[in-house]
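In the order they appear, the protein sequences are chains A and B.
Each residue of the first sequence is one higher than the one before, counting from 2 in our numbering.
Each residue of the second sequence is one higher than the one before, counting from 2 in our numbering.
Certain hints may be false.
[What the hints assert, rightly or not] Listed next, the stretches of chain A that the computed footprint assigns to chain B, with coverage defined by at least 3 CB atoms under 8 Å from CB atoms of chain B: (1) 160 to 168; (2) 185 to 194; (3) 258 to 269.
[To be verified] FRET-style restraints, in silico, Cβ to Cβ: (4) Gln170(A) / Ala152(B): 52 to 60 Å; (5) Pro172(B) / Glu163(A): 51 to 59 Å; (6) Asn259(A) / Asn141(B): 47 to 55 Å.
[Stated by the list, open to error] The calculated lysine-lysine pairs, modelled on DSBU-like cross-linking and capped at a C-alpha distance of 35 Å, are: (7) Lys309(B) / Lys273(A); (8) Lys17(A) / Lys157(B); (9) Lys206(B) / Lys6(A); (10) Lys261(B) / Lys273(B).
These are calculated hints, taken from the structure and not from any lab test.
Glycine is no exception: its CB is placed at the ideal position from the N, C-alpha and C atoms.
Number of protein chains: 2
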Amino acid sequence: MSKKKGSLLSYRPDIKVVDATIRDGGLVNDFHFKDEFIRDLYIANAEAGVDYMEFGYKASKDIFNESDFGPWKFCDEDSIRRIVGDNDTDMKISVMADVGRCNYKRDILPKSESVIDLVRIATYINTIPSAIHMIEHCHNLGYETTVNIMAISNAKEAEVSEALELIGQSPVDGIYLVDSYGSLYMEQVDDLADKYLAMAEEHGKFVGIHAHNNQQLAFANTITALTRGVSYLDATASGMGRGAGNCSTEQLLGFLKNPKYSIIPILKFLEKHIEPLKKEGVVWGYNIPYLLTGQMNRHPRSAIAATKQERTDYLNFYLELNDKD
Amino acid sequence: MSKKKGSLLSYRPDIKVVDATIRDGGLVNDFHFKDEFIRDLYIANAEAGVDYMEFGYKASKDIFNESDFGPWKFCDEDSIRRIVGDNDTDMKISVMADVGRCNYKRDILPKSESVIDLVRIATYINTIPSAIHMIEHCHNLGYETTVNIMAISNAKEAEVSEALELIGQSPVDGIYLVDSYGSLYMEQVDDLADKYLAMAEEHGKFVGIHAHNNQQLAFANTITALTRGVSYLDATASGMGRGAGNCSTEQLLGFLKNPKYSIIPILKFLEKHIEPLKKEGVVWGYNIPYLLTGQMNRHPRSAIAATKQERTDYLNFYLELNDKD
Numbered sequence: 002m003s004k005k006k007g008s009l010l011s012y013r014p015d016i017k018v019v020d021a022t023i024r025d026g027g028l029v030n031d032f033h034f035k036d037e038f039i040r041d042l043y044i045a046n047a048e049a050g051v052d053y054m055e056f057g058y059k060a061s062k063d064i065f066n067e068s069d070f071g072p073w074k075f076c077d078e079d080s081i082r083r084i085v086g087d088n089d090t091d092m093k094i095s096v097m098a099d100v101g102r103c104n105y106k107r108d109i110l111p112k113s114e115s116v117i118d119l120v121r122i123a124t125y126i127n128t129i130p131s132a133i134h135m136i137e138h139c140h141n142l143g144y145e146t147t148v149n150i151m152a153i154s155n156a157k158e159a160e161v162s163e164a165l166e167l168i169g170q171s172p173v174d175g176i177y178l179v180d181s182y183g184s185l186y187m188e189q190v191d192d193l194a195d196k197y198l199a200m201a202e203e204h205g206k207f208v209g210i211h212a213h214n215n216q217q218l219a220f221a222n223t224i225t226a227l228t229r230g231v232s233y234l235d236a237t238a239s240g241m242g243r244g245a246g247n248c249s250t251e252q253l254l255g256f257l258k259n260p261k262y263s264i265i266p267i268l269k270f271l272e273k274h275i276e277p278l279k280k281e282g283v284v285w286g287y288n289i290p291y292l293l294t295g296q297m298n299r300h301p302r303s304a305i306a307a308t309k310q311e312r313t314d315y316l317n318f319y320l321e322l323n324d325k326d
Numbered sequence: 002m003s004k005k006k007g008s009l010l011s012y013r014p015d016i017k018v019v020d021a022t023i024r025d026g027g028l029v030n031d032f033h034f035k036d037e038f039i040r041d042l043y044i045a046n047a048e049a050g051v052d053y054m055e056f057g058y059k060a061s062k063d064i065f066n067e068s069d070f071g072p073w074k075f076c077d078e079d080s081i082r083r084i085v086g087d088n089d090t091d092m093k094i095s096v097m098a099d100v101g102r103c104n105y106k107r108d109i110l111p112k113s114e115s116v117i118d119l120v121r122i123a124t125y126i127n128t129i130p131s132a133i134h135m136i137e138h139c140h141n142l143g144y145e146t147t148v149n150i151m152a153i154s155n156a157k158e159a160e161v162s163e164a165l166e167l168i169g170q171s172p173v174d175g176i177y178l179v180d181s182y183g184s185l186y187m188e189q190v191d192d193l194a195d196k197y198l199a200m201a202e203e204h205g206k207f208v209g210i211h212a213h214n215n216q217q218l219a220f221a222n223t224i225t226a227l228t229r230g231v232s233y234l235d236a237t238a239s240g241m242g243r244g245a246g247n248c249s250t251e252q253l254l255g256f257l258k259n260p261k262y263s264i265i266p267i268l269k270f271l272e273k274h275i276e277p278l279k280k281e282g283v284v285w286g287y288n289i290p291y292l293l294t295g296q297m298n299r300h301p302r303s304a305i306a307a308t309k310q311e312r313t314d315y316l317n318f319y320l321e322l323n324d325k326d
């Protein structure tokens, strides 16, 4: 317990900030972002010193109807290049590929033909073997890879250990601790981070964290993991993301002491793009239903529905949640 | 480092939840609460297992104009008794008295004539000697007392040590760690809690925490302090409190494992009273200006003004904050 990397005044050169605004925020508006939004976010992130910007999912058009979504559900090479050209910045480009929802053999080009740097493979614990196939494929194509094990708060300890063991043997570069339900407390993040880091250090990999804000702990859990030794930190502008959203970029950049980071471009972006988006009625962020699904370690889908219906009958909602068992 | 009291599944019988909704929330609406609001909150808190309910301030009517505020700025004995009678519940009644703003020799009755149980004395670090006079006076009148040292994030370490030493010699029952500016991170709470607890244990006193939510860390800091051994935990319904508000009662009760606590009465209260209050336009809670004053360890007054003006020119606000140095 309580080994720590660095203090509040030190900074860690191993830290990487990963902006996931389009990818996780796209779950709020079905990826219907204007190009100007994406382009200004790209510029803001690059100026702010953000290390990776995730443009969206590599979802299969065999499974998802193209007309139901904006282009960032699919992240065609042309879509990304329309924004970034050859990406003449120090910031790297990431996409997420879900196990079972991505035709990766067809849709992921060799790295030499793509402006994408990092493919993040999202998996549940029971689909780790498929995830490892995807990791190997993407690694062989020349990409950096991470594996993001979702819904970890519902997995058994022995399953997590076995999953980490399998992943340790794979060529993946990093493994992500993902608090899908926003249910983890800092003590649990400490313990999980130690477990992930032990495997990672043994196999020369890094660890990342992707937190959700159901209990207003996304930022707290992110800096807790950071203090523990986790180095890839997901954040989104204004915390935009599914349900209660994520750790916000402005919280994180205001905390990090690494002189390369600046909050200023993000503040400008919030003014220009996030405020209008909220005014249009795009809704995310902490509320009581999300708090309750987080406390009960449940998928936020019922809270998303309650939020859409603007429900404030909190007691009924609470009783319904308890009834589902 | 990292001594901990209890685990996530244990509960600590020493924990006391202190509802400060009227007192800190009163700073948002100048204490203009309807009696029904206060009465329903009193009933909800008692049913929820809350240990103390703070009714407001004991402010001097020589200093503050009675017509400018609701009755909870002054907490006359009659006002409290109008709600609680002789307080026939297990919950205790608290008021706050600010050093320099309370005519305590005149306005605080002997305990035998009052339904109040606890007087919390709020002080800055430079007025500790006056605070000690008030502590002694209230202690001699028969009350439980705490001292709440505000704006601790701006105090020097040597000053804090000296203050704790003086307080240790006083008859005060408890000492509060107060994050007035919402600027503390969990690591700092760990260190301060250890410091306060060392003094407290030496002198047979307890430690409490009062957190603010400028960086969305009020709940995180509260449970961090709790894990460290702090036992009096301030919370407010829906986090209602000055500026970015506080740790919310619903977050805290959903976390605590002590079987005496129930979130249900609070959820009912939120539905019935907090939602309508928000619809009336009473505003509190996290936003970007509060985040920035929190990050910079500043008094939230400029962020309160920005919120009132509904400013979203975040970059200008940030630059103005930096200009004040």
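Each hint, compared with the structure:
no., hint, verdict
1, 160 to 168, "violated (count 0)"
2, 185 to 194, "holds (count 4)"
3, 258 to 269, "holds (count 4)"
4, Gln170(A) / Ala152(B): 52 to 60 Å, "53 Å, holds"
5, Pro172(B) / Glu163(A): 51 to 59 Å, "58 Å, holds"
6, Asn259(A) / Asn141(B): 47 to 55 Å, "54 Å, holds"
7, Lys309(B) / Lys273(A), "20 Å, holds"
8, Lys17(A) / Lys157(B), "33 Å, holds"
9, Lys206(B) / Lys6(A), "33 Å, holds"
10, Lys261(B) / Lys273(B), "23 Å, holds"
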